[in-house]
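**Q** So you can see what is in the structure, the chains are spelled out below.
There are 2 protein chains.
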Amino acid sequence: MYTVEPIGRIISPFKEKFATPRQPGLLTSVQSQIILNTNFSKNAVRDLDKFSHLWILFLFSECINKKKKELIRPPRLGGNKKTGVFATRSNFRPNNIGLSSVILNKVEINKNNVSIFVQGADLIDNTPIIDIKPYIKYSDSHEDAISGYAQEAPLRKKVFFFKNAWNKQIPKNHKELIQEILSYDPRPGYKRDDNKEYHVKILHYDIGFYVLKSEIFISKIILLI
Amino acid sequence: MYTVEPIGRIISPFKEKFATPRQPGLLTSVQSQIILNTNFSKNAVRDLDKFSHLWILFLFSECINKKKKELIRPPRLGGNKKTGVFATRSNFRPNNIGLSSVILNKVEINKNNVSIFVQGADLIDNTPIIDIKPYIKYSDSHEDAISGYAQEAPLRKKVFFFKNAWNKQIPKNHKELIQEILSYDPRPGYKRDDNKEYHVKILHYDIGFYVLKSEIFISKIILLI
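In the order they appear, the protein sequences are chains A and B.
Position one of the first sequence corresponds to residue 328 (the working numbering), numbered consecutively onward.
Position one of the second sequence corresponds to residue 328 (the working numbering), numbered consecutively onward.
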């Protein structure tokens, strides 16, 4: 047995697992901020900005006390076929450690606070970060890799707003972010009733939407704060 | 604080940190075997063989009780320039977790024992493994990544055997493996005296070698068992 301590936390637009992307990099418009704990100084990130991409290791903190399973139903397989836990990136895994590659935007240092701004992270708001490593192209990029059931990125749906769903007080970049996130159809494979209103929290909004085949209709956006 | 338990161990030809490659994938001829703990059944690896590459998360177990540093001297920078720990893959890092992508060769199941045979791992023999994840090309492969001081793979040196250094009892594939490993010049950047005999343990051999500019000469191979 071995202990791990978070090195920081992430601030992200995803407030719940539902609608959080299933892999990193699908939503490059998603901006997140990693805030290192104050015991790390600017020295710990010296030269980090010489890399375009980073690896983030994090804890699936919501799953830590949940029962572990050897078989998982990946959403990509429609939610009814079981696959071994080590053949998935599922959050229900023996050591609850997640791995995501992200684009590095900038490193910001304010007195004792080190922030790392990244793009494309698939992490829920407030997720504990346990490591950051540089992405090294010659050893990490395998263009020829065969990736089983996840060889290609998931298909996207068109996203429309019902009349009045989009209030002009909502900034345009938030509207676009909501649209991009929902385009991947966040519904789990085993729970896909069309004609039902689904709800998801993104940023400080509660968003209602319907799915009809390959189109998604946003019915309401409720401001939560 | 959070606890992590190894899921298994790796059997590798690298017996010490010296001469262990600094990144995965440099030595594709290196074969290793991950043996899962017996509490994992064949279910845990179902469909894993549909992926060509895997991620291995492991513990830098030799560094767990060593002092943590915010600044590291990467060997690639000659060993005298300091870089932030999060801008390196150094084993001296806050949570001692390592990350390597490897080629998956085969999954073997023998009664209650699950073994995963991989190629290109840069892990020392007996390293505790804490997770295995599939490599997903569309989210992990970034051909356009800029990787600071490690943009290109390190240069390799030519490796020769002194007369009598190579005994015919040593199988040819071991000879080739030793040659390939030493071609990356395992000496740390700050300790590069030519004309000195260095020693390294690989497989069950103790190997003596000299470095002269861009050439390496193996002076002896001593069988350890």
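To be clear, the hints were calculated from the coordinates, so they are not data collected in a lab.
Each residue gets a CB set at the ideal place from its N, CA and C atoms; glycine is no exception.
It is possible that some hints are incorrect.
Claimed, not checked - Simulated DEER-style distance windows between Cβ atoms:
#1 A:K395 x B:E435: 19 to 27 Å
#2 A:D521 x B:L482: 53 to 61 Å
#3 A:D533 x B:N364: 39 to 47 Å
#4 B:G405 x A:E470: 13 to 21 Å
#5 B:F345 x A:K433: 50 to 58 Å
#6 A:K433 x B:K344: 27 to 35 Å
#7 A:N453 x B:E389: 50 to 58 Å
#8 A:N432 x B:K393: 26 to 34 Å
#9 A:K540 x B:G405: 19 to 27 Å
#10 A:N491 x B:Y465: 44 to 52 Å
Unchecked claim - Below 27 Å or equal to it, Euclidean Cα-Cα: the simulated DSS-like pairs (lysine-lysine) are:
#11 A:K394 x B:K369
#12 B:K377 x B:K396
#13 A:K433 x B:K395
#14 B:K377 x A:K438
#15 A:K377 x B:K396
#16 A:K393 x B:K396
#17 B:K369 x A:K395
#18 B:K495 x B:K547
#19 A:K395 x B:K502
#20 B:K502 x A:K408
#21 B:K342 x A:K433
#22 B:K502 x A:K409
#23 A:K484 x A:K438
#24 B:K433 x A:K396
#25 B:K495 x B:K433
#26 A:K396 x B:K438
#27 A:K344 x A:K377
**Q** Check the structure against each numbered hint from earlier and tell me which ones fail, lowest number first.
**A** 4, 5, 7, 9, 10, 12, 14, 16, 19, 20, 21, 22, 23, 25 and 27
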